[in-house]
Amino acid sequence: KKEWEQEIENQVGEIQKQIKNLKTQLRQFEGLDEEYCKLKENFENANKEMEKINKQIGEALDREIADKDDPQVLLNNELGKIEKEFKKLEQAVKSKQETLDKVSILLEQMLLIVDILNLEEKKKVVEQIQQSLEYQRMEELRDQMAILVNDVDKIKGAISEASHEEAQQKVSSAGKVIDNYFRQIAHNPSVSKIEFWVSVDSRTARNSYEFKDQNGKDLAPILSQGDLNAMALSIFLGMACSKGSTQPFGFVILDDPSQSLGSEHKEKLVEVLDDVLNERMVILASM
1 KKEWEQEIEN QVGEIQKQIK NLKTQLRQFE GLDEEYCKLK ENFENANKEM EKINKQIGEA
61 LDREIADKDD PQVLLNNELG KIEKEFKKLE QAVKSKQETL DKVSILLEQM LLIVDILNLE
121 EKKKVVEQIQ QSLEYQRMEE LRDQMAILVN DVDKIKGAIS EASHEEAQQK VSSAGKVIDN
181 YFRQIAHNPS VSKIEFWVSV DSRTARNSYE FKDQNGKDLA PILSQGDLNA MALSIFLGMA
241 CSKGSTQPFG FVILDDPSQS LGSEHKEKLV EVLDDVLNER MVILASM
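Start counting the sequence shown at 1; every next residue gets the next number (this note's numbering).
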């Protein structure tokens with residue numbers, strides 16, 4: 001066979017291996033996605049059950065249970081109020097027995113007894129709620145929901161960690177190439193070195209990328225539009241041509257890459273593209 005035919009066969013074989021690996025990774029992610037959907041469905045069902053139980057508790061307490069309310073706390077608060085009122089009534093009975101005459105005492109005692117009986121009845125209702133199967137089910141659902149939330153957080157954490165590790169590997173592999181291409185194209189005297197940083201956004205848990213100069217300062221505010229375009233081209237070409245690149249294709253496509261570049265930038269871009277040709281076929285599109 002001719003040398004170019006053998007080279008194409010080698011590239012095809014490598015691409016097939018990469019496709020096989022990608023399919024394996026896809027099946028793994030599909031499995032995680034299916035598990036996540038099941039957990040989400042269970043979580044929604046548990047939430048519906050919780051809403052029904054909260055409604056029953058709200059009817060028993062003669063109030064509406066809001067999302068931010070904790071039914072256990074509301075029941076405990078209601079019991080606490082009943083106990084406090086019960087103690088106040090007991091003290092009232094004791095203090096008034098010595099000062100009131102027998103008729104007043106009997107009348108007060110009767111009224112207090114009625115109140116106590118009402119409070120005791122309310123207390124029994126609350127205690128019955130706590131002992132009911134529905135309430136026990138609610139407690140079980142709360143525990144299950146906590147487990148589900150924990151499982152979902154673990155899955156999200158695993159995906160985020162894998163994404164961050166992959167990004168760090170790519171940046172570590174392509175960082176020097178990106179630095180070289182940018183300085184060659186931009187030829188900015190104030191930038192002698194650029195560093196590519198990858199971190200995890202604490203709010204979104206997604207990857208965050210930063211470019212800093214040799215002094216550790218953010219490059220974005222000090223670069224011109226042409227330099228920013230040079231940066232974008234350097235990232236694209238650097239990631240495509242780095243030794244750690246896993247893209248399965250032997251070519252890169254650029255759509256009008258010289259747009260917004262100065263004449264000097266364009267000359268340097270040609271030199272970089274000539275270097276890229278050692279690794280990849282370059283396809284240019286322009287108006």
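By construction, these hints were calculated from the structure, which means they are not laboratory data.
By construction, the Cβ of each residue, glycine as well, lies at the ideal position given by its N, Cα and C atoms.
Any given hint could turn out to be false.
As the list claims (entries may be wrong) - Cross-link-like lysine-lysine pairs, in silico, DSBU-like; alpha carbons within 30 Å at most:
no. : residue 1 : residue 2
1   : Lys20     : Lys122
2   : Lys48     : Lys94
3   : Lys102    : Lys52
4   : Lys176    : Lys38
Unchecked claim - Restraint ranges, calculated between C-beta atoms of paired labels, are given here:
no. : residue 1 : residue 2 : range
5   : Asn76     : Lys40     : 26 to 36 Å
6   : Ile147    : Lys87     : 36 to 46 Å
7   : Ser263    : Thr204    : 32 to 42 Å
8   : Arg206    : Glu121    : 20 to 30 Å
9   : Gln25     : Ala146    : 29 to 39 Å
10  : Cys37     : Lys87     : 26 to 36 Å
11  : Thr204    : Ser260    : 43 to 53 Å
12  : Ser260    : Gln214    : 49 to 59 Å
13  : Arg206    : Asn118    : 25 to 35 Å
Each hint, compared with the structure:
no.: 1; hint: Lys20 with Lys122; in the structure: 67 Å, violated
no.: 2; hint: Lys48 with Lys94; in the structure: 49 Å, violated
no.: 3; hint: Lys102 with Lys52; in the structure: 51 Å, violated
no.: 4; hint: Lys176 with Lys38; in the structure: 44 Å, violated
no.: 5; hint: Asn76 with Lys40: 26 to 36 Å; in the structure: 31 Å, holds
no.: 6; hint: Ile147 with Lys87: 36 to 46 Å; in the structure: 40 Å, holds
no.: 7; hint: Ser263 with Thr204: 32 to 42 Å; in the structure: 41 Å, holds
no.: 8; hint: Arg206 with Glu121: 20 to 30 Å; in the structure: 56 Å, violated
no.: 9; hint: Gln25 with Ala146: 29 to 39 Å; in the structure: 31 Å, holds
no.: 10; hint: Cys37 with Lys87: 26 to 36 Å; in the structure: 53 Å, violated
no.: 11; hint: Thr204 with Ser260: 43 to 53 Å; in the structure: 30 Å, violated
no.: 12; hint: Ser260 with Gln214: 49 to 59 Å; in the structure: 25 Å, violated
no.: 13; hint: Arg206 with Asn118: 25 to 35 Å; in the structure: 57 Å, violated
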